[in-house]
Amino acid sequence: MKINNIKHKAMLRIIKTVFFAFIMIGFIQSCESNLDLQPEDNRLTADAVFEDPAAYKAFLAKIYAGISLSGQQGPAGDADLSGLDEGFSNYLRLYWKMQELTTDEAIIGWNDGTIKDLHAQTWTSGNEFIRTMYSRLFYQVALTNEFLRQTTDAKLDARGVDAALRAEIQDYRAEARFMRALTYWHAMDLFANVPFVTENDPIGAFLPPQIQRADLFDYVESELLAIENEIVPARQNEYGRADQGAVWMLLSKLYLNAEVYTTTPRYSDVITYTNKVIGAGYSISTNPYYHLFLADNNTNGTQTEVIFPIAFDGLNTQSFGGMTFLVHAPVGGSMTPSNYGINGGWAGVRTTATFVEQFPGEENSADGRALFYTDGQTKAIANVSPFTNGFAIEKFRNVDVNGVQGSDSTGDFADTDFPMFRLADAYLMYAEAYIRGGGGSAANAVTYINQLRIRAYGNSTGNITQSDLTLNFILSERSRELFWEAHRRTDLIRFGQFSSQGIWPWKGNVAQGVTTESFRDVMPIPATDLGINTNLQQNEGY
Amino acid sequence: MKTFLNSLLVLLFFIPSILLAQSTVSGTVTDKANALPLPGVNILVKGTSVGTTSDFDGNYTISAKSGDVIVFSYVGFKTQEITYNGQSKLNVTLTEDAAQLDEIVLIGYGSTTKQDATGAVEKISTEEFNKGAIVSPEQLLAGKSAGVRVTSNNGAPGGGSEIRIRGGASLSANNSPLIVVDGLPLDQRGVQGVRNQLNAINPNDIEDFVVLKDASATAIYGSRASNGVILITTKKGSANTPIKFEYDLKASSSQVNDYVDVLDATQFRAIAETDTNYNASLLGNSNTNWQKEIYQTAIGAIHNLTVSKGYENFNYRINYNHTSQQGVLTGDLYERNALNLSFVQRLLNNDLKLTLTTKGILDDNKYADNGAIGAAVAFDPTQSVYNADGTYFQYTGENLAPINPVFTLENNNNRARNKRNITNFNLDYKFWFLKELTFNLNAGIDYSELNGKQFNAARPTNSASFPYKNFYSGFNRNTLLDFYFNYKNNLELINAKIDLTAGHSYQEFFIKSKQTETETATTLVVRTPVINRNALESYFARVSFDIADKYLISASYRRDGSSRFGPKNRWSSFPGVSLGWKLTNEDFLKDSFFSSLKLRAGWGKTGQQEIGANYGYLGVYTPGRNDASVQIGDIFVNTLRPEEFDENLKWEETSQYNLALDFGFFNDRLTGTVDAYYRETEDLLATVPTPAGSNLSDLLTTNVGSVLSKGIELSLNGELAKSENFNWDLGVNVTLQENKITKLSLGNDPNFLIAQGGISGGVGNNIQLWREGLDPSTFYVFRQVYDNAGNPIEGAYVDVNGDNQITEADKQAYKKASPDVFAGLTNTLTYKNLDFSFTFRGSFGNYMYNNVASDRGNITTVNNAPGNYYPNAHVSVLSTNFNNQNLFSDLYLQRADFVKLDNISIGYLVPGEKITFRASLTATNVLTITKYDGLDPEISNGIDNNFYPRPQMYVLGLNFTF
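Protein chains in written order, with this note's numbering: chain G, 405 to 946; chain H, 376 to 1337.
Quick caveat, the hints were computed from the structure, so don't treat them as lab data.
Among the clues, some could well be false.
Think about it this way: if two alpha-carbon atoms lie no more than 30 Å apart in a straight line, the pair counts; the simulated BS3-like pairs of lysine-lysine are [claimed, not checked]:
{"hint": "1", "chain 1": "G", "residue 1": "K559", "chain 2": "H", "residue 2": "K943"}
{"hint": "2", "chain 1": "H", "residue 1": "K741", "chain 2": "H", "residue 2": "K667"}
{"hint": "3", "chain 1": "H", "residue 1": "K794", "chain 2": "H", "residue 2": "K741"}
{"hint": "4", "chain 1": "H", "residue 1": "K407", "chain 2": "H", "residue 2": "K925"}
{"hint": "5", "chain 1": "H", "residue 1": "K889", "chain 2": "G", "residue 2": "K461"}
{"hint": "6", "chain 1": "H", "residue 1": "K1190", "chain 2": "H", "residue 2": "K1115"}
Using the sequences plus the hints, can you model the full thing?
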């Protein structure tokens, strides 16, 4: 019994000791709470970053960079989007491909994924270029939404932002809303019925609802009308920033295509808003046409025409998209790269015979806008891949009016700014709206168009008269004036010439070209997003 | 925390010395057969509950009175009873009883024996290691363990490997096992600036690897254990051993024995001449094999000098290693100078053991520009390397043309030195009043400092280009503090052994990187340093019972917190349970056909947080660089970007079931294990497309979907011959496995896919896909159509959806890069002092996409360069006659089953009184049997593109011990 008792006591002691030792582990919890870690380098949390008043403008700059750049590091290395090669993911490069490669104005020979399907009009909902365009558009929307969330009165109050900065931020907010409207317009034009998110939505795991094209039209219109008088007046803002002129221009474009988007024509509104643009003091310079697309196009005189530029710089605004692409990709064959201010061509983009034939006299046209390069190139395209099939185009170049290369001495990156909106487009929209019964005057329309043609011909030999004012003429004239400026697909659709009518080489993936089905007037919602976002319904035909 | 620990240490060290009053006896238990110390021997004062076990070095201490009978028992050995008569020292030798010596196996925060292990745990020791001049430790393991696949990344000297235990448990997050060196878990991301972070561990210094495969074994490492754990134990001296010197040399010579099949000058010229704008002046008159020009015979030497000695209470081991290995790509060099020290001090009658291991490594790399490999494949074979005047031939003014690869290797220079120290201090203390209770404290640091310089010559193809200089530096710091209590005892009342462990661990990782690089011809720009810090905190516990030496039960629990998740989701729990039944200890199987038989079953849950991003739950803003700024007015404004985030980011969790049978026949001359597992990962951390508009990027790392893997692993080890003069051991392991994605998105579209596996040829092209129901390495291709003669018809593919067009929609998921079955075979023969061994490794059911052929096997490659030059094509163009790239044709997808004779080695030992000498000859990467046409059938992602070839190597080994 005694022995048992001792044993029992020993046992108890062991249990107590073991229990004590193991319980001690639990005490450690109070000592360690080092799991709340914050960034320690130049990255900052939202609360920390806006302690610096300059952060608001830097964020606004990011919204503009959303179109020209592909990430935080030039030319590549810290991409905004990671679903496709960074250089390919650039907004302007993708938008240009959507608007131009799908038409008679441009064809590309590369083997990058499904890129050739764009010109062949055989794309599917799995096309990565269409997918990345879509991702880029909604990245831009999310970015502007975040800007608007971070600049609400409540946030500014909480951060104690002073009155001067606050006033500036109100301008920024108007511009951010303009940029969002611009992107939603692109989305509506390309994809029709798209996910819809505003600053009232959160960031995170939710499924945005789908908005119908006509409803999105109303939203974009209401946004633009709301900021029309909040944004900086036309031609009064800093270079590169949007102003009232850009708002009017976008409203004009919205109304011009309203019938496509909503089935309700709004041509008289086109006249109203193009009149506002035209009356704002922009002018067609006396420089030759090609000066508009040179490295010094922000200073060489032609900038007086530009309503909203996308600014590039060979040293400070570097990417493999945007102007770098537009200058390099069309150079190949026997073209001398140094004539274009670059170190080598990418031998990709040419044009079709259909576009060449828009010019009387074709490559030898008296029209100064016929910027063809034909040495060693064939007009016809027997094979899509070789660069020498099809005439080359020398429009965007990285040299100034004297032929001097832009600021990047290596010849990689261009200084040339992209004229997103320019006066010539406003003139042509006015003329078209007039023809379509929106009001205005024939005389004005003719005067406006002749201003462009006098610049193109160098004299009045190319001038038109009122009897030339037909829809077909307008469609052709828009192509001659605005080719490769990312308008063509929208124009062809408005004129019903994009899919089930209208033929050009390699449309439908055959050399002579065939018509395609009309559902291709709208791009497919990418399969990836349909797979994730169960709120979405695919566009008809896909 | 600090004060707490200090007082704890005071308590542990000093109190016992004051209170010590009882008479104690200590000594060493050794094996009679080889005089090696025996760890884990049960020592008991007969008729009492006073007992202990011998430690790793066979040492023990026990309290006893004169006249007590002390019982020494150990599985596999004859039990010895000795009557104690007051002596302070009692050394005991045990004689082997059964054939099998039961080994101690580490299992993470403790150890068990092979017999008592209930999880899928495998130990691979020195004698089983691969032979050859091995620079990287993981190569010792290749082909040695079922379920473990080690694939070297390429043939670069000191290059890393992809290690997969039971496939990978994740998709985008880390799929590599956790590697723990002497108790210190390494950073799973590696350290910056080295080819392979494991090179910090000298292969010569490794005692053994323990591979923890199933979750019941790994759950104790909870947060980082989903992909298995590899515990590396380095060699330490042992007590009471005379001073021993060892010098080991491995001198090697390696060369490339196969090249990518490109056109020779004649074949090439014939195609160039078909160009419609053929320009003969662009071709030369040579017949250059450009690949031969860039590779060299590489020389290497590995020296190891080791000194060790053991005193009664102290032992040390000092190893100096010098490794120098040239790469076969000219100019590539790996060098290592390492000093590895270990000290073990025993105090307080062996109750306190202090172990310090420290490694100082200078890891020097000269990185040859791997771009030369692609350029050599693409370069016009009619051109000579040098012009008549001795200058390099170049395509001056052709910016997109390849650069002469010999020029590149000669002129571009990239050197980096990584200074690294891995130190681990371990304290193991047995409580004076309760010997069965031990306290173990582990403090470790892994600090590495990088300094690198890169110089690239101006691009000779572009006269405006300027040289590029890049100075990069930084450091990685990984600090660990963990401790645990362990209680082990025999509960005689219920005829059971109990083993309890509980502890706490805190580990922090800090990384800083700096860079200064050329921005314009004349300026260097200092980049903003990048800093990353993350931390893990854990509590863990394990309890094991061994009832009647028949039934084993083990349960573990770990609670982990990671700084990578928000406070709401920060902590998660990872339990594991396993059972074992030693059938041969049951009466009904006592004298059966089996000499040992054990059934094991386990289940466990493990986690994953190794997703790369540290602040994925927190919205952060990243400033833009000057070269990505925007013109506003007359100034360029640097941008500010809000990053994507998922505030609900949480742990990925893997559940794994394991069922296994360990068996032995013929007195355990033939032993084996069959393991079957089923593993499911949920809340998968994957980088997947976000719903457009919902976040600030197109892809986001978030918790989505699940993957499943299952497999069967078999390993057999036989001592086919066993005698004094002749021994023949054969080991075979076979693994069958299957992985598939079971869910991939929040939606429910079964056709939802994410493109994977970027390839060359165009930009943004992918050849693989993730889709529900498929292995994650599945290829996504068009099915090629052939004419009646069996030749492929260019551009003709099976029109799967029947719409008379070949579009994206006609691509099919077809074959995969991962094998269905892989196996290893190790053979060792010794006859007297001669030994002979070889290792075969095989892989079956895996396919390879020949990207060099698909990218370059066409006429357009030669004739449609974006400039005035003709690049070379892959020979497949001669059989396919393809004009254009047909990147997605399944023609380029080939069966890549292989059997490789990894190494074959012969050695002779000259024993001597004072000096032992061994010489060996080894050949590695000897033979590959495969049907695959490309360079190597073993490329981990299944995409063969400009692969750095694995050389064949011949090694002379010399070893002196005295």
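Outcome of the hint check:
1. K559/G / K943/H: The given pair, whose Cα atoms are some 25 Å apart, holds under the 30 Å limit.
2. K741/H / K667/H: holds (21 Å)
3. K794/H / K741/H: Holds. K794/H to K741/H sits at ~15 Å (cutoff 30 Å).
4. K407/H / K925/H: holds (28 Å)
5. K889/H / K461/G: holds (28 Å)
6. K1190/H / K1115/H: It holds: about 13 Å lies between the C-alpha atoms, which stays within 30 Å.
Violated hints are absent here; each numbered hint is respected by the structure.
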